[in-house]
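Heads up: the protein sequence lines correspond to chains A and B, in order. Numbering of the first sequence is given in the working numbering, commencing with residue 1 and proceeding in unit increments. Numbering of the second sequence is given in the working numbering, commencing with residue 1 and proceeding in unit increments.
One or more hints might be untrue.
The calculated lysine-lysine pairs, modelled on DSBU-like cross-linking and capped at a C-alpha distance of 35 Å, are [unchecked claim]:
| hint | chain 1 | residue 1 | chain 2 | residue 2 |
| --- | --- | --- | --- | --- |
| 1 | B | LYS76 | A | LYS40 |
| 2 | B | LYS65 | A | LYS40 |
| 3 | B | LYS65 | B | LYS76 |
| 4 | B | LYS77 | A | LYS40 |
| 5 | B | LYS58 | A | LYS40 |
| 6 | B | LYS58 | B | LYS77 |
| 7 | B | LYS58 | B | LYS76 |
| 8 | B | LYS77 | B | LYS65 |
Hints listed in this document are in silico derivations from the structure and should not be mistaken for laboratory results.
Now for the letters of each chain:
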Amino acid sequence: EIVLTQSPGTLSLSPGERATLSCRASQSVTSTYLAWYQQKPGQALRLLIYDISTRATGIPDRFSGSGSGTDFTLTISRLEPEDFAVYYCQQYGTSPLTFGGGTNVEI
Amino acid sequence: QVQLVESGGGVVQPGGSLRLSCAASGFTFSIPVMHWVRQAPGNGLEWVALISHDGDYKTYSDSVKGRFTVSRDNSKKTLYLQMNNLRTEDAAVYYCAKALNSGWGPFEYWGLGNLVTVSS
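Build the full structure now, drawing on both the sequences and the hints.
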């Protein structure tokens with residue numbers, strides 16, 4: 001099983017600041033099958049980034065993904081008030097599919 | 001627009017059974033892989049099971065293998081999760097999710113989830 005470790009667990013920032021979230025895999029992720037999701041209370045989970053760096057439909061360009069192999073990063077260039085949420089990485093190339101433990105981006 | 005609506009959750013005793021349903025609309029249900037994912041209270045996300053577009057291929061997490069069965073009825077645009085021999089550690093919000101394109105992932109759309117409580 002590919003274990004995904006996200007850091008930090010909590011990121012305390014202010015609107016307008018840059019957020020850098022890390023996701024490290026215990027072994028190389030198959031192909032480019034790494035995604036990022038946003039979770040807010042009472043809302044459906046939202047796909048942000050897939051295939052490491054492809055923004056999903058409707059996702060603003062302040063969200064970007066990068067990385068390869070075992071190290072991946074989600075960057076939010078300038079935080080908007082609606083970006084404060086929990087973020088999860090996921091690998092979907094190898095069964096069992098796995099998620100990281102999440103990073104809480106808080107004000 | 002795409003909608004995924006889970007139902008069938010509730011309170012069950014350890015050892016009991018429940019069947020979750022996920023009603024889909026807004027897309028051609030018979031095309032994508034579909035998934036179940038769960039989230040225990042205060043915890044992160046755990047993938048549970050996937051089923052191929054035609055139901056011929058299924059795979060499960062080790063934690064539910066042999067107890068849970070995923071199925072789909074493409075004519076009814078509905079995904080199911082039959083959960084047997086439930087344990088306290090199965091208590092969670094269960095989400096159904098639609099894969100993007102024809103692969104296993106990523107998970108393009110999610111339902112709002114349905115709560116399963118396992119308690120005596």
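Q) Are there hints from earlier that the structure breaks, and if so, what are their numbers? A) none
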